[in-house]
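Work out the full structure: start from the sequences and follow the hints.
Chain by chain, the residues:
There are 2 protein chains.
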Amino acid sequence: MSYKIGELAAQLGTTVRTIRYYEEAGLLTPLRSAGGTRLYNALHLARLQAILALAGQGFSLEAIRDLVQTREQCRTGDEGSQRVPARLDEVIAHIDHQLEDLQNLKQALSAARARVKQCRGCRNPPTSEGCPECPVRQHRHESEMLNLLWDQE
Amino acid sequence: MSYKIGELAAQLGTTVRTIRYYEEAGLLTPLRSAGGTRLYNALHLARLQAILALAGQGFSLEAIRDLVQTREQCRTGDEGSQRVPARLDEVIAHIDHQLEDLQNLKQALSAARARVKQCRGCRNPPTSEGCPECPVRQHRHESEMLNLLWDQE
DNA sequence: GTCTAATCTTACGTTAACGTTAGATATTAG
DNA sequence: CTAATATCTAACGTTAACGTAAGATTAGAC
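As you go down the protein sequences, you meet chains A and B in turn.
If you're matching positions, the first sequence starts at 487 in the numbering used here and goes up one per residue.
If you're matching positions, the second sequence starts at 487 in the numbering used here and goes up one per residue.
To be clear, the hints were calculated from the coordinates, so they are not data collected in a lab.
C-beta: ideal position from N, C-alpha, C; glycine also.
Derived SDA-like pairs (lysine to any residue); straight-line CA-CA distance at most 25 Å:
no. : chain 1 : residue 1 : chain 2 : residue 2
1   : A       : Lys-592   : B       : Gln-593
2   : B       : Lys-592   : B       : His-580
3   : A       : Lys-592   : B       : Asn-590
4   : B       : Lys-592   : B       : Val-577
5   : B       : Lys-592   : A       : Ala-549
6   : B       : Lys-592   : A       : Leu-588
7   : A       : Lys-592   : B       : Arg-551
8   : A       : Lys-592   : B       : Ala-539
9   : A       : Lys-592   : B       : Gln-497
10  : B       : Lys-592   : A       : Glu-558
11  : B       : Lys-592   : A       : Ser-546
12  : A       : Lys-592   : B       : Asp-575
13  : B       : Lys-592   : A       : Gln-497
14  : B       : Lys-592   : A       : Thr-504
15  : B       : Lys-592   : A       : Arg-573
16  : A       : Lys-490   : A       : Arg-506
17  : B       : Lys-592   : B       : Asp-582
18  : A       : Lys-592   : B       : Glu-565
19  : A       : Lys-490   : A       : Glu-510
20  : B       : Lys-592   : B       : Ala-539
21  : B       : Lys-592   : A       : Gly-499
22  : A       : Lys-490   : A       : Arg-551
23  : B       : Lys-592   : A       : Ala-539
24  : A       : Lys-592   : B       : Gln-535
25  : B       : Lys-592   : A       : Asp-575
26  : A       : Lys-592   : B       : His-580
27  : B       : Lys-592   : A       : Ala-495
28  : B       : Lys-592   : A       : Gln-555
29  : B       : Lys-592   : A       : Leu-498
So the derived label-pair ranges between C-beta atoms look like this:
no. : chain 1 : residue 1 : chain 2 : residue 2 : range
30  : B       : Thr-523   : A       : Asn-590   : 29 to 37 Å
31  : A       : Ala-496   : B       : Arg-551   : 31 to 39 Å
32  : A       : Leu-529   : B       : Glu-493   : 49 to 57 Å
33  : B       : Ala-511   : A       : Leu-585   : 25 to 33 Å
34  : A       : Arg-569   : B       : Ala-572   : 43 to 51 Å
35  : B       : Arg-601   : A       : Arg-518   : 28 to 36 Å
36  : A       : Val-502   : B       : Thr-523   : 49 to 57 Å
37  : B       : Thr-515   : A       : Leu-529   : 51 to 59 Å
38  : A       : Ala-496   : B       : Leu-517   : 52 to 60 Å
Next comes the structure, spelled out in C-alpha cells:
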C-alpha cells in the first residue's frame with residue numbers, strides 16, 4: 487500500500503509543499519513511480535508524523551535532520567548503538583527542560599488569573615491610581631496588565 | 487531604581503536589539519530620560535520577563551501583544567474583568583495542549599530509546615535486511631532510524 | 001571640560017520555513 | 001483514447017524576529 491504526496495498530506499494535515507521541502511532538507515526520501523511520482527509507504531508516514539511532531543514543538547529542521555540521520559551516518563552497528571541513544575537522550579533532556587518552562591509559565595498565568603477575576607461590576611475606566619469602587623489593592627485597574635502577572639502585590 | 491537598556495538586557499539574558507524590537511511591536515513602553523535614553527523600572531523588568539517566557543515558548547509577538555493589551559483596550563473595569571480572565575484562559579488552554587503534545591512526544595522518544603539500546607558490540611554496518619549477529623528483530627540496523635521510532639515492531 | 005562607552009534613530013541585511021506561480025509531465029476515471 | 005486532475009521541477013515571493021552597520025547624541029567617570 488502506498489500513498490501519493492497529496493494523500494499523505496491530507497492524512498497528516500499538512501501540505502504538499504511542506505513534504506517536498508522536508509525532502510529537500512534531507513528528512514524523508516520517498517520511492518518513485520516509473521513516471522517520477524513520489525510514493526510513500528507506512529514507514530514514510532510514521533516518519534513524517536514524527537518529523538511533524540518535532541517541528542511542531544519548535545525543533546528546527548536542522549536539529550531534526552541531525553537526529554534522523556544519526557544512525558545513517560554510523561559505519562557499524564556498534565557505533566550506532568552508542569550514538570543513537572545518546573542523541574535521543576539529548577532530545578529527551580531538551581523536552582524535559584521545555585516541559586519545566588511550560589509548567590512554570592502555566593503556574594504564573596494561573597496565579598495572575600486568580601488575582602484578576604475578583605473585580606466585577608465596576609464601570610470605571612482603567613487606571614493605575616486605584617479605583618474608588620474597588621478598595622482592595624488587587625482591584626486597581628492597571629493599564630499594563632502583564633506587570634501584574636508576576637508582581638505579587 | 488531604574489535600568490538602562492543594556493543593563494536590562496544583561497539581567498534577562500537577551501539583547502538590546504530585541505528589547506527595542508519588542509517596544510516597536512507595542513509590547514513594552516519604557517520611560518525616557520531628559521536626553522532620550524530609555525529607562526526601565528522593576529515592573530518593566532517583570533513584564534519583559536513575562537514576554538520573553540511567552541516568546542520562548544513559541545507564542546508570536548502578535549499573540550503576546552493581544553494578551554498584554556487586553557486590559558488597555560477595555561473602556562471600563564467591568565469590561566476588563568470579563569475579557570482579561572477569558573484571554574488568560576485561552577492562553578492557559580493553549581499551554582495545556584502544548585504540554586500534552588510534549589508529553590506524548592517524550593513518551594514516543596523514550597519508547598524508541600528503550601528499544602534501541604539493547605544492540606551492543608556489533609560491528610556490522612547498518613542495513614534493513616537484518617544482521618546475522620543480531621537475531622532479535624529489534625536489532626536490525628535500520629538505515630532510517632525514525633521509522634523505528636513509531637513502528638512498534 | 002573631556003574622553004570613552006553606551007545609547008539613540010534609521011535603514012538595510014539575514015534566515016528558516018514555507019507559499020505561490022508557471023509550464024511541462026503523469027495518472028486515472030470514463 | 002481522452003479529458004480532467006494531480007504531480008513534477010524550477011524559480012521567485014513572503015514573513016517574523018531579529019542582526020548589523022552608520023552617524024549622531026548622551027551619560028558618567030575623571
